[in-house]
Amino acid sequence: MRQVAGLILWLVLVAFLVWGVLLIHPFGYPPSAMDDYIIENAQEQTGNNNVVAAVVFDYRGFDTLGEATILFTAVTGVLLLLRTLKRKENDL
Amino acid sequence: MLSKIVRTVANQLIVFILVFGLYVIAHGHLTPGGGFQGGAVIASGVVMLLVAFGSKELRKSLRERVLTIMESTGALIFAALAFAGLGTVFFYNFLVGTPVFGRIPPTGPGPGDFWTGGFVPLMNFAVGLKVVAGLSAAVLALALFASGEEMEE
Chain A
1 MRQVAGLILW LVLVAFLVWG VLLIHPFGYP PSAMDDYIIE NAQEQTGNNN VVAAVVFDYR
61 GFDTLGEATI LFTAVTGVLL LLRTLKRKEN DL
Chain B
93 MLSKIVRTVA NQLIVFILVF GLYVIAHGHL TPGGGFQGGA VIASGVVMLL VAFGSKELRK
153 SLRERVLTIM ESTGALIFAA LAFAGLGTVF FYNFLVGTPV FGRIPPTGPG PGDFWTGGFV
213 PLMNFAVGLK VVAGLSAAVL ALALFASGEE MEE
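Note that the protein sequences, when read in sequence, are chains A and B.
Here my numbering is used: position 41 in the first sequence is 41, and no number is missing along the way.
Here my numbering is used: position 11 in the second sequence is 103, and no number is missing along the way.
Careful, some of the hints might be misleading.
[What the hints assert, rightly or not] Label-pair restraints from in silico Cβ distances: (1) F186/B to D36/A: 21 to 31 Å; (2) L80/A to F108/B: 29 to 39 Å; (3) E67/A to Q104/B: 43 to 53 Å.
[What the hints assert, rightly or not] Derived, one-sided and incomplete: chain A residues facing chain B with beta-carbon distance under 10 Å: (4) Q3; (5) A42; (6) T46; (7) N49; (8) A53; (9) V56; (10) R60; (11) F62; (12) A68; (13) F72; (14) V75.
[Unchecked claim] Here are some chain B residues the structure puts well away from chain A; computed CB gaps all over 10 Å: (15) M140; (16) I161; (17) L178.
No wet-lab data here; the hints were simulated from the structure.
C-beta atoms are modelled at their ideal positions from N, C-alpha and C, and glycine is treated no differently.
Okay, chain A solo, but in the shape it has when bound (with noise of 0.2 Å):
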């Protein structure tokens, strides 16, 4: 009963996802005005030949202070962890 459950919730999600594929925008054609604005004014108006960087950095610094915030607290709970660990054996 449960694997029967288990293979409905299963299709149920493959169609989702298959219907979630095939209304992608076909390869090459930008679906908004948004892309058009950045590629061409991006050089004129944040000097980066590299466009990537200039949306990185510059038109979506919010979401690049995310991952710089991901990263220092991913480094920050690896060394706390491995440090109360080493102190709990020495107090033991």
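Model the placement of chain B on the given structure of chain A, informed by the hints.
Just chain B, lined up with the frame of chain A:
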């Protein structure tokens, strides 16, 4: 610690890895790549040294405290550059048009000019510093923990 052949080759190879990583970071506003990618390249060089020499040997030259300070410095520079344009908006590219990194390239494909990009090259350096120090510190801490070494407070 691996054999002498591996150690010698790693010793010679780390120079090229460092140069390539610095190139990817410094030309982030001209060519594919940037702070994250170049930092990952240099951190992979650190991992190579870690495999070749072992965590005990590498600890003598790479202190975790220094790496932590480096990472915090990178994060602070990044946030400071973001706040520096606050006169207009947060993350405003305030260096475009100034003598420092302020040249504007012609629209369309072109070879590029190093003194372009506004604050993006500086941000690439900050993020590169941060990624190098962060990944190296995490890998070094994991290796030290796996080998049962005492970690620096």
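Cross-check of the supplied hints:
no.	hint	verdict
1	F186/B to D36/A: 21 to 31 Å	holds, 26 Å
2	L80/A to F108/B: 29 to 39 Å	holds, 34 Å
3	E67/A to Q104/B: 43 to 53 Å	violated, 33 Å
4	Q3	violated, 39 Å
5	A42	holds, 9 Å
6	T46	holds, 5 Å
7	N49	holds, 4 Å
8	A53	holds, 5 Å
9	V56	holds, 7 Å
10	R60	holds, 9 Å
11	F62	holds, 7 Å
12	A68	holds, 6 Å
13	F72	holds, 6 Å
14	V75	holds, 4 Å
15	M140	holds, 20 Å
16	I161	holds, 12 Å
17	L178	holds, 12 Å
Checked against the numbered hints above, the structure violates hints 3, 4; every other hint is satisfied.
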